[in-house]
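Quick note, the sequences are listed as chains A and B, same order.
The numbers in the UniProt record's numbering rise by one with no breaks, and the one at position 33 of the first sequence is 33.
The numbers in the UniProt record's numbering rise by one with no breaks, and the one at position 89 of the second sequence is 89.
Heads up, a few of these hints could be off.
[Unchecked claim] Computed list of lysine to any residue pairs in SDA-like fashion (alpha-carbon distance at most 20 Å, straight line):
no. : chain 1 : residue 1 : chain 2 : residue 2
1   : A       : K116      : A       : H105
2   : B       : K73       : B       : M121
3   : B       : K112      : A       : G219
4   : B       : K72       : A       : H209
5   : B       : K73       : A       : Y217
6   : A       : K116      : A       : V77
7   : B       : K72       : A       : M212
8   : B       : K73       : A       : L210
These are calculated hints, taken from the structure and not from any lab test.
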Amino acid sequence: MGAGHGRGFPVTHGHSPVHRMAAHHKLLVLVGFMLLVVATPRDWYVAFAAYAVVVLVVIRASRVPLRHIGRLMVIEVPFVLFALLMPVIATGPRTEVLGLSLSEHGLVAAFALLAKGTIGVASSLTFAVTTEPDEILRGLQRLHVPDLVVQIMGFMFRYLDLVTGDLSRMLVAMRSRGCDPRSPRHWWALASTMGALFIRTYERGERVHLAMLSRGYTGRLPR
Amino acid sequence: MSVPTLDVRGLAFAYPDGHQALFGVDLHVHPGERVALLGPNGAGKTTLVLHLNGILTGGAGSVAISGLPVEKKNLAEIRRRVGIVFQDPDDQLFLGTVRQDVAFGPANLGLKGAALDRRVMTALDQVGMADFADRPPHHLSHGQRRRVAVATVLAMEPEILVLDEPSSNLDPASRRELADILRSLDVTLLMVTHDLPYALELCPRSVVLSDGHVVADADTLAVLTDESLMAAHRLELPWGFDPRTVGSLPA
Numbered sequence: 001m002g003a004g005h006g007r008g009f010p011v012t013h014g015h016s017p018v019h020r021m022a023a024h025h026k027l028l029v030l031v032g033f034m035l036l037v038v039a040t041p042r043d044w045y046v047a048f049a050a051y052a053v054v055v056l057v058v059i060r061a062s063r064v065p066l067r068h069i070g071r072l073m074v075i076e077v078p079f080v081l082f083a084l085l086m087p088v089i090a091t092g093p094r095t096e097v098l099g100l101s102l103s104e105h106g107l108v109a110a111f112a113l114l115a116k117g118t119i120g121v122a123s124s125l126t127f128a129v130t131t132e133p134d135e136i137l138r139g140l141q142r143l144h145v146p147d148l149v150v151q152i153m154g155f156m157f158r159y160l161d162l163v164t165g166d167l168s169r170m171l172v173a174m175r176s177r178g179c180d181p182r183s184p185r186h187w188w189a190l191a192s193t194m195g196a197l198f199i200r201t202y203e204r205g206e207r208v209h210l211a212m213l214s215r216g217y218t219g220r221l222p223r
Numbered sequence: 001m002s003v004p005t006l007d008v009r010g011l012a013f014a015y016p017d018g019h020q021a022l023f024g025v026d027l028h029v030h031p032g033e034r035v036a037l038l039g040p041n042g043a044g045k046t047t048l049v050l051h052l053n054g055i056l057t058g059g060a061g062s063v064a065i066s067g068l069p070v071e072k073k074n075l076a077e078i079r080r081r082v083g084i085v086f087q088d089p090d091d092q093l094f095l096g097t098v099r100q101d102v103a104f105g106p107a108n109l110g111l112k113g114a115a116l117d118r119r120v121m122t123a124l125d126q127v128g129m130a131d132f133a134d135r136p137p138h139h140l141s142h143g144q145r146r147r148v149a150v151a152t153v154l155a156m157e158p159e160i161l162v163l164d165e166p167s168s169n170l171d172p173a174s175r176r177e178l179a180d181i182l183r184s185l186d187v188t189l190l191m192v193t194h195d196l197p198y199a200l201e202l203c204p205r206s207v208v209l210s211d212g213h214v215v216a217d218a219d220t221l222a223v224l225t226d227e228s229l230m231a232a233h234r235l236e237l238p239w240g241f242d243p244r245t246v247g248s249l250p251a
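All chains, please: the whole structure from these sequences, using the hints.
Written out as structure tokens, the structure reads:
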């Protein structure tokens, strides 16, 4: 059996200035930028346009294809759906748009959610696709994030592939026995699969811990 | 007689749920020996292995490694002396690169800088994986990961190397490569396995554990050709394999 090849992470390997920048600097810039975007009053449309331009310029400088980031942006879909609902369900003065009676407050709130969400997701993804997971961990260490948090993130990076691999093999085994995990009729089976996956992952965690103890682990990863 | 590398006396252990896994096990392994620990599933092999470096304790009896008793105050040194390679390399390799993983054990022992690097590269050389030092372990094949897992333990310069099912899930070529590596190491070896031809190939001596008792401790060829012993303890040779016709056996 061959090994999986980094399914979990969408990192692109490149030599652009964005790729080369130190991870902890990138993190600080990202967090600062996000705070600025979130704190911007929702009707400062020009400011949002300017932020969007900044994000596009950074993506361009990173030489990561826009399409790659675009594909990853699907994680924003639930928020987009919620934003689209807001003008319909919000109260207050109404206005007519394309024959629909929509709430004015709802429209502004939906715009703010969409703008802030999209800018935030796009800039986080730009960070994620230009920074190796290992670099992110080292960056967090340099920023003096508690050791335990960094260790937990490290394990998440390391074992994400294995857990998703386990899950996809279990789903293939379900399909092979005539079950469609997507159909609501079989959701109970999917739920048991998740339970089994949890137990397997938990037990693996125990085994990893034993293997670490066997090599003298005392609670701190050596630097 | 020299001080045994591994000295287990009257070891008994019951899990908290009451299940008794070991009933007075005695086992001695002397420096330089290669011993196979055989037995059916549920015989207590893993329980015994976890006692060797003090992961499990609290039952009756004693374990000593080169004369040092396995006790809480000696655990750091015991874990250096006993290198356990677990069955699933993914349980053992958890850091970002092969180099970091191999350095984990010796760094826990306090090694730093150039000495640590040297130790890591020597261990990787011993298993023929030096060219993969900067690769993430999860990008390697199963056979390569198994070899790196062996290196993570060799880097601690153990006195006894304990391997749990080393040949499981390996293709024939990886299985042979691992056998070549294990033969080339100058270290005392205890190999837990169901792979009886592998035991015969690598270990002159075998110990059979069944239901928590040592039921045989003899020459591997003698154990594998004792049909009543084999049948009584659910040990079976692969179809068509006859240990009597194997040419050269390890001395």
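Structure-based check of all given hints:
no.	hint	verdict
1	A:K116 to A:H105	16 Å, holds
2	B:K73 to B:M121	31 Å, violated
3	B:K112 to A:G219	18 Å, holds
4	B:K72 to A:H209	18 Å, holds
5	B:K73 to A:Y217	15 Å, holds
6	A:K116 to A:V77	14 Å, holds
7	B:K72 to A:M212	17 Å, holds
8	B:K73 to A:L210	18 Å, holds
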